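Asker: So you can see what is in the structure, the chains are spelled out below.
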Amino acid sequence: DTAVSQTPKYLVTQMGNDKSIKCEQNLGHDTMYWYKQDSKKFLKIMFSYNNKELIINETVPNRFSPKSPDKAHLNLHINSLELGDSAVYFCASSQRGEVGEQFFGPGTRLTVL
Amino acid sequence: GNSVTQMEGPVTLSEEAFLTINCTYTATGYPSLFWYVQYPGEGLQLLLKATKADDKGSNKGFEATYRKETTSFHLEKGSVQVSDSAVYFCALKAGAAGNKLTFGGGTRVLVKP
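As given, the protein sequences belong to chains A and B, one line each in that order.
Each residue of the first sequence is one higher than the one before, counting from 2 in the numbering used here.
Each residue of the second sequence is one higher than the one before, counting from 351 in the numbering used here.
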C-alpha cells in the first residue's frame, strides 16, 4: 500500500548516458513534483505537474524532461548525464490546493561516474 | 523573493534534552509555514504546520508557533529520543495562491543515548 513509489532506488551510470526515473502515487492526488537533493541535503524543486499539465519549471537544464502520462505518474528523463547530476531525486504529490502537505517518495540516488 | 533560513547543523544532543531549531523567513503576503522531517534513507514527511499568525502546530511532541512579528517558526521538543535523529526542514508556501514550497537548507539533528 505504498503511497508514493519511485524506481529505481539506486542508479549508477556513466557520463553521457540517458536515464529515466519513474514515479507513481496511489493517493488520488492531482499534483506531482520532482525535487533534487544535493549532498548537503539542500532541496530544490525542479518541476510540478497538475493533472498532467506542467505548472512549475524551475531553472533546470533542458536535458531534464518530465513526462506525465496520467495524473498518477510523473517520470523524469535525463539526457547526456553529467557529474553534477549526481544527487538524490525525490518525487512528491499533493492534493490540488494543498501544496504544503506533500507526500514524498523514498528517493532515487543517482550516481554519475 | 521568498526564502527560509535555518540554523546550520549538525545539532548533537543527549536523549531527554531540549531541542530548538531556529527558522526565520522572508515572504510576501501571509505565508503558511511547515516543518518536514527526513529520517535516514527516507523521503520527507510533514511534521507540523501553521497557516496564520500565532497558530501553533504540534505533532509527536514537537511544537512550533507562527510569529509574524519576528518572522519566525522555531521548532521545539521538550525531551528528544534517539529516534528523533533526522534532518528537519522548515518550509513556507507564499499566500493562498502559492503553488510551491520554499525549503530551508535543513538542520541535521543527532540524538545520542
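Be a bit skeptical, because a hint or two may be false.
[What the hints assert, rightly or not] Computed list of lysine to aspartate or glutamate pairs in EDC-like fashion (alpha-carbon distance at most 16 Å, straight line):
id, chain 1, residue 1, chain 2, residue 2
1, A, LYS42, B, GLU358
2, B, LYS450, A, ASP86
3, A, LYS37, B, GLU392
4, B, LYS402, B, GLU392
5, B, LYS418, B, ASP405
6, A, LYS42, B, ASP405
7, A, LYS68, A, GLU99
8, A, LYS10, B, GLU392
9, A, LYS37, A, GLU54
10, B, LYS462, B, GLU392
11, A, LYS37, A, GLU99
12, B, LYS399, A, GLU25
13, B, LYS450, A, ASP19
14, B, LYS450, A, GLU25
15, A, LYS68, A, GLU102
[What the hints assert, rightly or not] Chain B regions said to be covered by chain A (calculated; three or more residues, Cβ under 8 Å):
id, stretch
16, 366-376
17, 410-420
18, 423-430
The hints are simulated quantities; they were obtained by calculation from the structure and are not laboratory data.
Remember, predicted model here, so these are calculated numbers, not experimental data.
Beta carbons: idealized from backbone N, C-alpha and C, even for Gly.
Asker: Each hint: holds or not?
Answerer: Each hint, compared with the structure:
1. Proximity of A/LYS42 to B/GLU358 is assessed by CA-CA distance (about 11 Å); at most 16 Å being required, the pair is judged to hold.
2. A hinted pair counts as satisfied when its Cα atoms are at most 16 Å apart, and B/LYS450 with A/ASP86 does not qualify at roughly 22 Å.
3. Straight-line distance between C-alpha atoms of A/LYS37 and B/GLU392 comes to about 14 Å, which keeps the hinted pair within the 16 Å bound.
4. Restraint check for B/LYS402 and B/GLU392: not satisfied, since their Cα atoms lie roughly 29 Å apart, outside the 16 Å limit.
5. Distance check on the hinted pair: B/LYS418 and B/ASP405 sit about 10 Å apart at the alpha-carbon level, within 16 Å; holds.
6. With a C-alpha separation of about 28 Å, the suggested pairing of A/LYS42 with B/ASP405 is violated against the 16 Å cut-off.
7. Taking the CA atoms of A/LYS68 and A/GLU99, the gap is near 22 Å; set against the 16 Å cutoff, the hint is violated.
8. At roughly 11 Å between alpha-carbon atoms, A/LYS10 and B/GLU392 fall within 16 Å of each other, so this suggested pair holds.
9. Taking the CA atoms of A/LYS37 and A/GLU54, the gap is about 20 Å. The hint is violated against a cut of 16 Å.
10. The straight-line distance between the Cα atoms of B/LYS462 and B/GLU392 is roughly 20 Å, outside the 16 Å bound, and the hint therefore fails.
11. A hinted pair counts as satisfied when its Cα atoms are at most 16 Å apart, and A/LYS37 with A/GLU99 does not qualify at roughly 21 Å.
12. Taking the CA atoms of B/LYS399 and A/GLU25, the gap is near 25 Å; set against the 16 Å cutoff, the hint is violated.
13. This hinted pair does not check out: B/LYS450 and A/ASP19 have alpha carbons roughly 28 Å apart, beyond 16 Å.
14. In summary, the hint linking B/LYS450 to A/GLU25 is not supported, as the alpha carbons are separated by about 20 Å, beyond the 16 Å threshold.
15. This hinted pair does not check out: A/LYS68 and A/GLU102 have alpha carbons roughly 23 Å apart, beyond 16 Å.
16. Against chain A, the stretch 366-376 of chain B contributes 0 residues with a C-beta closer than 8 Å to a partner C-beta. That does not satisfy the three-residue criterion, and the hint is violated.
17. For the stretch 410-420 of chain B, the proposed coverage by chain A is not satisfied: 0 residues have a C-beta within less than 8 Å of a C-beta in that chain, short of the threshold of three.
18. Evaluation of the coverage hint for the stretch 423-430 of chain B: breached, as 0 residues show C-beta separations to chain A shorter than 8 Å, against a requirement of three.
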